[in-house]
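Undergrad: Please model the entire structure based on the sequences and the hints provided.
As given, the protein sequences belong to chains A and B, one line each in that order.
Convert by adding 3 to the 1-based position in the first sequence; the result is the number in the working numbering.
Convert by adding 229 to the 1-based position in the second sequence; the result is the number in the working numbering.
Mixed in with the good hints there might be a few duds.
Unchecked claim - Just a few of them, taken from the derived set where beta-carbon distance is under 8 Å, the chain A residues facing chain B:
(1) 115
(2) 116
(3) 175
(4) 177
(5) 190
(6) 192
(7) 193
What the hints assert, rightly or not - Just a few of them, taken from the derived set where beta-carbon distance is under 10 Å, the chain B residues facing chain A:
(8) 231
(9) 232
(10) 276
(11) 307
(12) 312
(13) 315
(14) 319
(15) 327
(16) 328
(17) 331
(18) 335
(19) 372
(20) 378
(21) 379
(22) 553
(23) 557
Everything labelled a hint here was simulated from the structure, so no lab data went into it.
Think of the CB as a built atom: it goes at the ideal place given N, C-alpha and C, for glycine as much as any other residue.
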Amino acid sequence: MKTPLRTWSYRTAVFLSLAFVVAPLVAVVWVSVFSNKVISFPPLGYTFHWYVNAWELVDFREGFWLSFQVAIAATFLGLLVGVPASLALARANFPGKAVINTLLLSPMMVPAIVAGSGVYIYFIQIELLSGIQLVATLPGLIIAHVVIVIPWVVRLVTTSLLSANENIEEAAQNLGATPLTTFWRITLPIARPGLVAGGLFSFIVSFTDLEKSLFLVGPGRTTLPIAILNYLEWNLDPTVAAVATVQIFIIGFALIVSDRYVKLSNAF
Amino acid sequence: MSYIEFNNVTKYYSQTRAVDRFNLSMDKGEMVALLGPSGCGKTTTLRMLAGFISVSEGRITLDDRDITHMPAHQRNIGMVFQGYALFPHMTVAKNVAFGLEMQRMSKSDIDRRVKEALSRVRLGDFAERMPRQLSGGQQQRVALARAMAINPDVLLLDEPLSALDARLRHEVRAEIRQLQRELNLTTLIVTHDQDEALSMADRLVVMSKGCIEQVGTPAQLYEEPANRFVAEFMGKTNLLEGTRVDGAGFRTHSGIMLRTGQSAGQDASCLSFRPERAHIAPADAAEDPSLNSLSATIRLFTYLGPVVECHLSLPDGQPLMVMLPNTSNAAYTAFTEGTPVKVRWSPDDSRLLS
Chain A
4 MKTPLRTWSY
14 RTAVFLSLAF
24 VVAPLVAVVW
34 VSVFSNKVIS
44 FPPLGYTFHW
54 YVNAWELVDF
64 REGFWLSFQV
74 AIAATFLGLL
84 VGVPASLALA
94 RANFPGKAVI
104 NTLLLSPMMV
114 PAIVAGSGVY
124 IYFIQIELLS
134 GIQLVATLPG
144 LIIAHVVIVI
154 PWVVRLVTTS
164 LLSANENIEE
174 AAQNLGATPL
184 TTFWRITLPI
194 ARPGLVAGGL
204 FSFIVSFTDL
214 EKSLFLVGPG
224 RTTLPIAILN
234 YLEWNLDPTV
244 AAVATVQIFI
254 IGFALIVSDR
264 YVKLSNAF
Chain B
230 MSYIEFNNVT
240 KYYSQTRAVD
250 RFNLSMDKGE
260 MVALLGPSGC
270 GKTTTLRMLA
280 GFISVSEGRI
290 TLDDRDITHM
300 PAHQRNIGMV
310 FQGYALFPHM
320 TVAKNVAFGL
330 EMQRMSKSDI
340 DRRVKEALSR
350 VRLGDFAERM
360 PRQLSGGQQQ
370 RVALARAMAI
380 NPDVLLLDEP
390 LSALDARLRH
400 EVRAEIRQLQ
410 RELNLTTLIV
420 THDQDEALSM
430 ADRLVVMSKG
440 CIEQVGTPAQ
450 LYEEPANRFV
460 AEFMGKTNLL
470 EGTRVDGAGF
480 RTHSGIMLRT
490 GQSAGQDASC
500 LSFRPERAHI
510 APADAAEDPS
520 LNSLSATIRL
530 FTYLGPVVEC
540 HLSLPDGQPL
550 MVMLPNTSNA
560 AYTAFTEGTP
570 VKVRWSPDDS
580 RLLS
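TA: So this is what it looks like as structure tokens:
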């Protein structure tokens, strides 16, 4: 059967774009097992030495651990703040609703480096006024990351809630359900796809954040992306590729899981 | 005491009155329609009965119990929502079972009642489907089954047919009416569609700007509208502005004398007659002293099948309409557009309105 030219050119375009996106990731994974001392082609042999090396480097191990802690905490707090906000935005009507919606989504629109310096200046001012140090502390870092994750939580949870009929909670109460039962049996299950996707995305954006954290980490307290950046300043061996590979698999896994719950194309 | 009593029920939103001193008594098994243009307060009234909107003033009693401030989930009032509001994450059977589970009924009783409710709306084979797999009409029937499964004291229908296409609407209308009669369910339906209200309800409540304009049977509202608003809202009508003159006379602004069969209504400012009660005669036809008559010019015929609408205009430009039955002799074909004619109707079919 003859396939028309149009279909072929369409497929080629799709394939090329995909290859363009995926190729760097494949290259990173590939390079991470080269035995070359400096990242270069062709491979002289294959080894898992760089993974061992990465694990043995304190900066990476601690960076990974700090990033993980921050991401978990930011995700948890982001859900704690974002879910009630989403409920209000999706179900209630109040003056200034559109403004609040925009404000909650705005951290996504500001360039991270600008937002990072903003938070930095803000933290310094707080310290000057109250004496409470936030810069270069774990709470300070977590607070900044909560701000990054809130738009994701709000957007995804609100989308889930809005996908259902606006009277759905009333329908449950009309059938005899108390407000609490309504929340557990109706609202929460409906919001679940957004909660899971919002949580996973929060984790990912926090875990991979570089620009905002740059201003807020302190000596001996760096996140994984910053540890990678620091390492690259003085070294060019495939250790960085090994670290990045681990990161790619964690994030890829999170994305696949979240895609099962909510199609992201519906949210934006 | 009636089954449901609305006693001066009022709803304020800051300064505006959404519903103003609403009074209505409903008997058990009666079906009442709240009818009016959007923003007239009919939905607010329905939602106050359901318990979703708090009552600012007045009292609502159901079977002699005061339910004015009772939380919605304790009222045992079944409701079919606009857009149905089915639970999207539950099967059809689970949707119908939800209300029964809330009553802590045993599993076997629930299964039996769900089966019963679904077969009543002819959806027995769809129990395990998800709502999104059903057509609009089927979803509507699930919503109905869900609301009726709990054996509600009252059934509320909020624009239940608005999402269905015209054909299906007629079918579901008859079906709802039949179920409602079979189960002797006291029902309040909100609609902006007067056909829907006329064909389903025992009594209608016409509302405008938060107030009741008139309450009555479909025939009362259509034949004896209390005022101009009701006359215009219930079907099509011709309105002539003018003043009442002694007894049963009426003079239009352009000075034409008309007669009515009605002696009441002192402050009448217009005369209404229905398009289907009038007919047209050639301009040179002999005067018939027993009929009212107006000279007019035919502007347009609209062929509707069972009837033909004849649009006319009076010498001062005011439009009139006459509905001609599409009988076998096709009388309307004798007239052409642009012809001057006489519009005639009986004084008994004239109604004076304030």
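Undergrad: If any of the earlier hints don't hold here, list their numbers in rising order.
TA: 1, 2, 5, 8, 9, 18, 22, 23
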